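The listed protein sequences correspond, in order, to chains A and B.
Heads up: the first sequence at position 61 corresponds to 61 in full-length UniProt numbering, and the numbers run straight through without jumps.
Heads up: the second sequence at position 445 corresponds to 445 in full-length UniProt numbering, and the numbers run straight through without jumps.
Simulated from the structure, these hints should not be mistaken for laboratory data.
Be careful, since some hints might not be right.
Here are the computed lysine to aspartate or glutamate pairs in the EDC-like style, where the Cα-Cα straight-line distance is at most 20 Å [to be verified]:
(1) 418/B to 23/B
(2) 129/B to 140/B
(3) 88/B to 46/A
(4) 49/B to 46/A
(5) 248/B to 64/A
(6) 445/B to 59/B
(7) 218/B to 46/A
(8) 95/B to 46/A
(9) 123/B to 81/B
(10) 345/B to 46/A
(11) 332/B to 32/A
Note that the structure is predicted; figures quoted are calculated from it, not measured.
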Amino acid sequence: MYSKGTKRKFSDGVDNKAVAASYSLQRQSLLDMSLLKLQLCHMLAEPNLCRSVLIANTVRQIQEEMAHDGSWQVVTEALGGSGHGPSDRLVDTEVLCQSPEQQDSGPKLYSVMGYDGCREEEVVTDKALCSVVVGDRSPAFLLGTIGHCWDRGELRVEDGVSKDSGTGDEEGTRSGEGAKLATGQVFGTFEIKNGAPGSDPALEELFSDVDASYYDLDTTLTGMQSAPKMGPYDFLDSLASSHGPVSNSSCRADLNELDHIMEIIVGS
Amino acid sequence: MAGAGGGSNDVQWCFSQVKGAIDDDVAEADIISTVEFNHSGELLATGDKGGRVVIFQQEIEKSQPQCRSEYNVYSTFQSHEPEFDYLKSLEIEEKINKIRWLPQKNAAQFLLSTNDKTIKLWKISERDKRPEGYNLKEEDGRYIDPNTVTALRVPVFRPMDLMVEASPRRVFANAHTYHINSISINSDHETYLSADDLRINLWHQEITDRSFNIVDIKPANMEELTEVITAAEFHPHQCNTFVYSSSKGTIRLCDMRASALCDTHSKLFEEPEDPSNRSFFSEIISSISDVKFSHNGRYMMIRDYLSVKIWDLNMENRPVETYQVHEYLRSKLCSLYENDCIFDKFECCWNGNDSVVMTGSYNNFFRMFDRGQRRDVTLEASREGSKPQQVLKPRKVCADGKRKKDEISVDSLDFNKKILHTAWHPQDNIIAVATTNNLYIFQDKVN
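This is chain B alone, in the form it adopts within the complex (with noise of 0.2 Å):
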């Protein structure tokens, strides 16, 4: 039985679609830096390191008896461009660190796409009809000289095919020094907040030349810093609390109706340390590279280097579940400390009924965890395992000497296929999972 992934009835999980160059020599523009489903799940929005969002549509074949359902691509355009702060002489990257979609409310769609400094509103319209007939213009646009017209007609729209429009609305700018890590929509469907490294700020979605700070943990000495902002979101329901989190493992939620600032927690979520854990490197992988609420708004998921945690917003001294990603590399922190990975910013994603959890990690695996059934799987994204409707297999990280057959040893892990970004849609299994390059989508074979 392969692939226990959620639901009452097990999941067996299919690759779909793969999008992206397929040579392993990758550009550095072309790496994916966001993924992100729109409300309903029609749309799939990627955003990557050239600061371009690719938009892709899902388009279902009711032809079959079981609903494939296929997403391609409905628009791309360039979001962010480099830019030069001439103050600092340093460079801004155009990379897309977030995308966040609006609920929507009429025809067109609304993203909010950020890089490091400067947060767009972008609009996407379809535009499948078009004007004929002018009594001035030629159809090719060509002006008609008035004395020539005899006679007078009124235009009529004609369809004609299919073009999507993507055009900037807003530019939220000048409001961050540090590097904005989330955004996030309110609830009320009229303000949405921007966390950077030491602050958060909240906007109103129509005003651009002003925004709000709500957090500040800058010191007054920047050679007592000791801890950052590293992710930020909204309660899904309730437009007054938010939650953000520190590069320390902790997590605070705030109330906006306590104060304008709001500095003091309304609730600390700290898990006392495990003593016999302790090393130099705790801190580091205590620090929490993403925050995610449960659609129910009753629980929020963490990701720290190694685990995922979840909080249940009503006890505050510890997580009501805990699971490993990759406990095998607990031993090696010190060589992932060298390369770096240990800074690794890998996030977390909930499916749309809140009772199964997905994660990624090394060797383009990720991880899923089943809440209610107390059962995980871990998954491979490759093209070995990419013939249409092929369902994957559950790999196994074998951590001490003793290898099995079909597993894979620790050292034989390649750090350099990190999935760091992956997105459930909202109310299907069907997931999206981002490798350097390339975008996996996978799906319930019955779906």
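So here's chain A without its partners, still in its complex pose (with noise of 0.2 Å):
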């Protein structure tokens, strides 16, 4: 559409406003498709970690982007109605690869909460390292996702849960912590914070019959309820390494059996 090098400003006009558009939509296709990646990269022997690490930036990059130009907004009410996987979004390569319209210089640090009224809830995975920030006007979007997660059968919902009563600390300190937070949790572990009140209601409808009791045991199992939280790199170095957290000895040998309580909280 637009040759290479042209810039296009974000100011007024109505072509400038559908050029902002496609770029947002290609934005975000590209986005998705990273998380895609990070996603599939987990499921191989063993990840390519330079690659992970590199895909991770560009995930970080997109997001501090996207927050700055108040593109949050405008992403989740595109995906809440919307059924689109990410590969009906693959578009012209050109603009992506152009410089974005918009490039301040220094670290975009932004509010993980209250970001224009928009509460996020950060929907994570260990094994998929999938980062999906949502507002809670896009139920549909985050039951997605919830729902690709519960067929590859690593949802460790008790990890999240029996965080509650931690998580209210993290919260406060995680404001402060920015875009560098929020897609840290592409590293982070599989929960659900629901730690902040009103939390959505898709979610509690959605665990409102898993028996709270299996929680327990498993956090008794892992021994993951104190340790800090870790990223799955963390995890393997610290099972490999003699100078890991000592609650995480008895992780592996446990694992066959927690697939099992999966499998009976899954309900299959």
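Quick one: dock chain against chain with the hints and give me the complex.
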């Protein structure tokens, strides 16, 4: 559409709005693609760390830019109604390979909490390495993601809920951490952070019939209750090295048992 | 005039040999993963995804007026086997990531080969004589009853068919949590380094049960990880100096005399970003896939996704030379990101007198840049151009729509045919170029 090198200004004009929307869509598709790559790479024998880090940095970059130019609301609106998969939105590469129309120097910090009135539920997976930040206006998208995770049977609900008591503190410090933490979830453990009051009703409904007693069982088995939040690489690393957190020493041995419990919870 | 290559005379590159299976169906284990000449150039080693090492030996035909040389199989051995890490429930690939030859000290040859986790020192030795005439053993090895021996004789060595034996002499294991990407032998002939994504270890060649960690960039919180080590190499002459490159496009030079842990660099080579070329892929394409010192030790060359850059060790703020390998790919980065090609790790190499550098590209193309004459050429490694001593024809990729005759348009490039590994003979104009599963050897027409 636009030849390489032409600058697009985010100023008034119908044409520019169309271009900006197109750019946003393309940027979103790049974000989806990146998140998908992070999910897939974890399924391999052992993920290529360099590749994962580069993809994660790209995700972080996109999220920073989206947050900076206030695109979160636009994105969630666009996603809430449509049922498009990421592959449907792969478009011409030219625009994405050009400079973004806005580029502020310096780090972009933004508060995870209450950005433009959009309370964000962070749904993250450890094995999926998937970071989705959505507003409470798009439960459909959230459920879609969760559904995907359910299918792969890797949802560790217990960790998130059992950490409820602890997440209150984390929420408080998070606003200061800004972009780094939001995309830091890429390496984070799989948990649903429902610490804030009035959490997503859709989530509550999903897990309403899950027996709470399993959470305690699992935290006992994995010993993760009070362990610091770890990424999968950290997890693997601590297993390999002798100076990792002691509480994880029994993790591997009980993973089969965990899988078994998961099957019960999922109700397969 | 064909093939601008290097040196004061124009080099005409000719096909010499191709090794490997002819059929297009590539067995995964046969994918070549590393290529390396030894210090004299007489031996050429390749490693593959199946954990095997194949060594070729140069045989020079002096009968012809032009000295043509041929590389023939000298030794083949299984260096690494697939392993299973029970602790992490993960497979450890047997793919050979790097081979490095040790300087020759005696009749035997030594090389280091490494997969993701374990480095091995292999001794390759020749046996062309065997003892005959034992008193207590028959020729086939059966023992003779001593009571039947009536006379004694001295066993003598008699010539036999050449036998090349490869035996593992040292195994350097359990020192790397992450995947080893580089090994480099120190000029002190005693130590070597191994680098993985986050750490660099220093080994003594004789000691396998311990190594010293000299660089550690692992953050306390793995969620803060944004940069990894991509390559490392010792300086060719200064045994205290090494460099390592990162996924953010920086190179750090470290001096081991400064401190035991070289987390603080002595020099940081970083080029300021070009704001006009900035995109979401800027960081990925700036990630360095290979770093190589020049033979004279004054320069180092790095390869990132689209370019080759040469740095003067005395100047940290920008490279002295930049060569575009395949700039026409810049507008295709999103597609290359989608199909993961953007993460391909191309290597690069110097010729013997540091006047020409070479690196690979897609469609089985490889590129040479003549530093002195400011010329570059694109050549292709393919079966079509593989008649004996056939001169390679320069190739050209057409970036825009106006394709001339014999040019190839960007959209016709085969991104599955990538040349990641190339090697240049240390003295002569002989190059080894690895396609997916074939090894091509090209030579200068007038050798």
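Check your understanding: Is residue 123/B close enough to residue 81/B, meaning Cα to Cα at most 20 Å?
Key -> holds, 18 Å
Check your understanding: Under the criterion that the straight-line Cα-Cα distance not exceed 20 Å, is the pair residue 88/B, residue 46/A satisfied?
Key -> holds, 9 Å
Review point. When you check the alpha-carbon spacing of residue 345/B and residue 46/A, does it fall within 20 Å?
Key: holds, 18 Å
Review point. Within 20 Å, alpha carbon to alpha carbon, are residue 332/B and residue 32/A?
Key: The given pair, whose Cα atoms are some 18 Å apart, holds under the 20 Å limit.
Exercise for review: Compare the distance between the alpha carbons of residue 49/B and residue 46/A with 20 Å, and conclude whether the hinted pair is satisfied.
Suggested key: Given pair residue 49/B, residue 46/A holds - Cα atoms ~16 Å apart, limit 20 Å.
**Study point:** Restraint check for residue 95/B with residue 46/A, where alpha carbons must lie at most 20 Å apart
**Key:** OK: residue 95/B and residue 46/A at ~14 Å, within 20 Å.
Check your understanding: Within 20 Å, alpha carbon to alpha carbon, are residue 418/B and residue 23/B?
Key -> Roughly 17 Å separates the two Cα atoms, so the pair holds.
Practice item. Quickly compare the C-alpha distance for residue 445/B and residue 59/B to 20 Å and report which way the hint goes. Key: Holds. Residue 445/B to residue 59/B sits at ~17 Å (cutoff 20 Å).
Exercise for review: Take a quick look at whether residue 218/B and residue 46/A sit within 20 Å of each other, Cα to Cα.
Suggested key: Holds, because 18 Å separates the two Cα atoms, which is no more than 20 Å.
Review point. Between residue 248/B and residue 64/A, does the CA-CA distance stay at or below 20 Å?
Key: holds, 18 Å
Check your understanding: residue 129/B and residue 140/B: Cα distance at most 20 Å?
Key -> holds, 16 Å
When each numbered hint is compared with the structure, no violation occurs for any of them.
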